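From first to last, the protein sequence lines stand for chains A and B. Each residue of the first sequence is one higher than the one before, starting from 1 at the first, in this note's numbering. Each residue of the second sequence is one higher than the one before, starting from 1 at the first, in this note's numbering.
Fair warning: there could be bad hints in the mix.
One copy or any two copies: either way a pair holds, since identical chains are not told apart in the list.
Under the rule of at most 30 Å between Cα atoms (straight-line distance), these lysine-lysine pairs were calculated in the DSBU-like manner [as the list claims (entries may be wrong)]:
| id | residue 1 | residue 2 |
| --- | --- | --- |
| 1 | K155 | K253 |
| 2 | K237 | K77 |
| 3 | K271 | K42 |
| 4 | K42 | K10 |
| 5 | K271 | K134 |
These are calculated hints, taken from the structure and not from any lab test. Given the structure is predicted, the values throughout are model-derived calculations rather than measurements.
Protein chains: 2
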Amino acid sequence: MGSGSALPTKNNFHASQVFELRGRRYMIDCGEGAQIKLNQYKVNLSRLDNIFISHLHSDHCIGLMGLISTLAMLGRKTDLNIYAYKDLKEIISPMLKYFSDDDSFNVVFHDINPNQKAVIYEDKGLKVSTIPLKHRVPTCGFLFEEQQGERHLIKSMIEAFDIPIKDLKAIKQGADSVDKEGFIVPNERLTTPADPIRKYAYISDTLYTEKIINQIAEADILFHESTFVDDDRQRAKETLHTTALQAAQIARKANVKQLILGHFSARYRDKKPFLKEAKSIFENTILAEDGLQLEF
Amino acid sequence: MGSGSALPTKNNFHASQVFELRGRRYMIDCGEGAQIKLNQYKVNLSRLDNIFISHLHSDHCIGLMGLISTLAMLGRKTDLNIYAYKDLKEIISPMLKYFSDDDSFNVVFHDINPNQKAVIYEDKGLKVSTIPLKHRVPTCGFLFEEQQGERHLIKSMIEAFDIPIKDLKAIKQGADSVDKEGFIVPNERLTTPADPIRKYAYISDTLYTEKIINQIAEADILFHESTFVDDDRQRAKETLHTTALQAAQIARKANVKQLILGHFSARYRDKKPFLKEAKSIFENTILAEDGLQLEF
Numbered sequence: 001m002g003s004g005s006a007l008p009t010k011n012n013f014h015a016s017q018v019f020e021l022r023g024r025r026y027m028i029d030c031g032e033g034a035q036i037k038l039n040q041y042k043v044n045l046s047r048l049d050n051i052f053i054s055h056l057h058s059d060h061c062i063g064l065m066g067l068i069s070t071l072a073m074l075g076r077k078t079d080l081n082i083y084a085y086k087d088l089k090e091i092i093s094p095m096l097k098y099f100s101d102d103d104s105f106n107v108v109f110h111d112i113n114p115n116q117k118a119v120i121y122e123d124k125g126l127k128v129s130t131i132p133l134k135h136r137v138p139t140c141g142f143l144f145e146e147q148q149g150e151r152h153l154i155k156s157m158i159e160a161f162d163i164p165i166k167d168l169k170a171i172k173q174g175a176d177s178v179d180k181e182g183f184i185v186p187n188e189r190l191t192t193p194a195d196p197i198r199k200y201a202y203i204s205d206t207l208y209t210e211k212i213i214n215q216i217a218e219a220d221i222l223f224h225e226s227t228f229v230d231d232d233r234q235r236a237k238e239t240l241h242t243t244a245l246q247a248a249q250i251a252r253k254a255n256v257k258q259l260i261l262g263h264f265s266a267r268y269r270d271k272k273p274f275l276k277e278a279k280s281i282f283e284n285t286i287l288a289e290d291g292l293q294l295e296f
Numbered sequence: 001m002g003s004g005s006a007l008p009t010k011n012n013f014h015a016s017q018v019f020e021l022r023g024r025r026y027m028i029d030c031g032e033g034a035q036i037k038l039n040q041y042k043v044n045l046s047r048l049d050n051i052f053i054s055h056l057h058s059d060h061c062i063g064l065m066g067l068i069s070t071l072a073m074l075g076r077k078t079d080l081n082i083y084a085y086k087d088l089k090e091i092i093s094p095m096l097k098y099f100s101d102d103d104s105f106n107v108v109f110h111d112i113n114p115n116q117k118a119v120i121y122e123d124k125g126l127k128v129s130t131i132p133l134k135h136r137v138p139t140c141g142f143l144f145e146e147q148q149g150e151r152h153l154i155k156s157m158i159e160a161f162d163i164p165i166k167d168l169k170a171i172k173q174g175a176d177s178v179d180k181e182g183f184i185v186p187n188e189r190l191t192t193p194a195d196p197i198r199k200y201a202y203i204s205d206t207l208y209t210e211k212i213i214n215q216i217a218e219a220d221i222l223f224h225e226s227t228f229v230d231d232d233r234q235r236a237k238e239t240l241h242t243t244a245l246q247a248a249q250i251a252r253k254a255n256v257k258q259l260i261l262g263h264f265s266a267r268y269r270d271k272k273p274f275l276k277e278a279k280s281i282f283e284n285t286i287l288a289e290d291g292l293q294l295e296f
């Protein structure tokens, strides 16, 4: 929804993304105007039930009020879950209470500790973990990991060994087949491995830090903030942000498949230098832009 | 900045306008994304010191937080005055305190009573009054009136009567000339009338009401909300809004020079019917659109 940073512009709104898996939508950060972009990009709001806020700087969360107002106006009834540092509830509640009708839906705040690696959300398809970062306020990134799927049955082998249907569920989960006589067929002969799980890592505002590398290793896509280009590395350090070159270093060390740069400072009209310096280290890099949609 | 209503769209952001007189800028309402539009339309923020909020529905005020954050980031030091119903301070302060640096500027809240006609702001060039309206929460419009200017000296007469320079200030303000011998020259022989004062009336969310007519009479421009077209008059009544036809009736009865319709419901993609029905009653009507700029 937004690829900009603190000062939003026409082309780069405040930070906000929507991650979708099997029809469920998960929002990551919610800067000003996120709801306008959701409407513009025709994102279906019906199964958007969980919002993850990386930190409480205004460019990452002040769109919540507008989004919540709009969801209420559209007649939403189901809970909306917001995962954020504890203070969010305190600062947004007065407005929330004032603007909400009594009969609208509940906003449920889930406190997260951004300084600690932890699974903060789980459903059948997905697991979300915090990735501690180094910024001026408590901040974390998020790792979106598919839940491990089941192994695939080899139909011909299942038939050849005459495996009863009631055993198939356990076999798909990795069990060997054992018949009444104690005859064992190892799982490896009956199944092929489950699909590899897909991972998306979202690295919000942070000073360059290699502490995240283990957690984001092998991710299919790494979104990494790059507020500055490397010529402004000193400014990045002072404000606890990262340069495009540094983000590419992280991508290479973590051996991710693809890097997306974003959270660009409004000072740069031309974004090409971000891409150029990142690609010098990590070739499979693209630039975020408002409205960018990727499938993997 | 925004010509839409509760549900903002790509083309019609939430309500927000900027009025400019002699280099000073005054903001009227501040819906979500107002700061993005200010940037997009290159509105100079340096002399934007006063913001008038018509009522505390989210689409008229939730852009304040983003705007204030941005002004702080741009290094603003001078006070920002916000004129609004008293509750605004209460609901926005927690966020304001949380996001603001200690060394940023002061936001000064001025409580207004939307149910009462009153001059709420005055400077050398301008006077702003509240216009009580009928909506679901305490709501007012605003009348922007130039201060009465000075009369124009007739240079040839000033010379002919040899009027001393020290008397000119009083004469421009309407005084007669009286010399030491008590000889009187009436002001009308020395001056021509001051320029007529210009008036802009902003009518925010309201049920059709003729009570405003006296106050907005003869305005150069009347902005009047028209959330609905007249086919949806019942819906307008239920939600305490106005139709385009009704807004045109007000414009005609108040004998204003020009009518601008705005605050369109997101349900209408095509805005032409608004214009058509208004023009059937009041010819000099135009439709507001984001980015519209008028000089008068």
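Checklist entry - Taking 30 Å as the upper bound on the Cα-Cα distance, should K237 and K77 be classified as within, between, both, or neither? => result Between copies only: 26 Å across chains, 44 Å inside a chain, cut-off 30 Å.
Checklist entry - With identical chains treated as interchangeable, where does the CA-CA distance between K271 and K134 reach 30 Å or less: within a copy, between copies, both, or neither? => result Classified as within: same-chain Cα gap 25 Å, cross-chain 49 Å, threshold 30 Å.
Item to check | Within, between, both or neither, where K271 and K42 count as close if Cα-Cα is 30 Å or less | outcome: both (26 Å within a copy, 21 Å between copies)
Next on the checklist: Within, between, both or neither: how does the pair K155, K253 come out at a Cα-Cα threshold of 30 Å?
Outcome noted: Classified as neither: same-chain Cα gap 40 Å, cross-chain 81 Å, threshold 30 Å.
Checklist entry - When no copy is named, should K42 and K10 be tagged within, between, both, or neither for a Cα gap of at most 30 Å? => result both (18 Å within a copy, 11 Å between copies)
Hint 1 from the list above is the single one not met by this structure.
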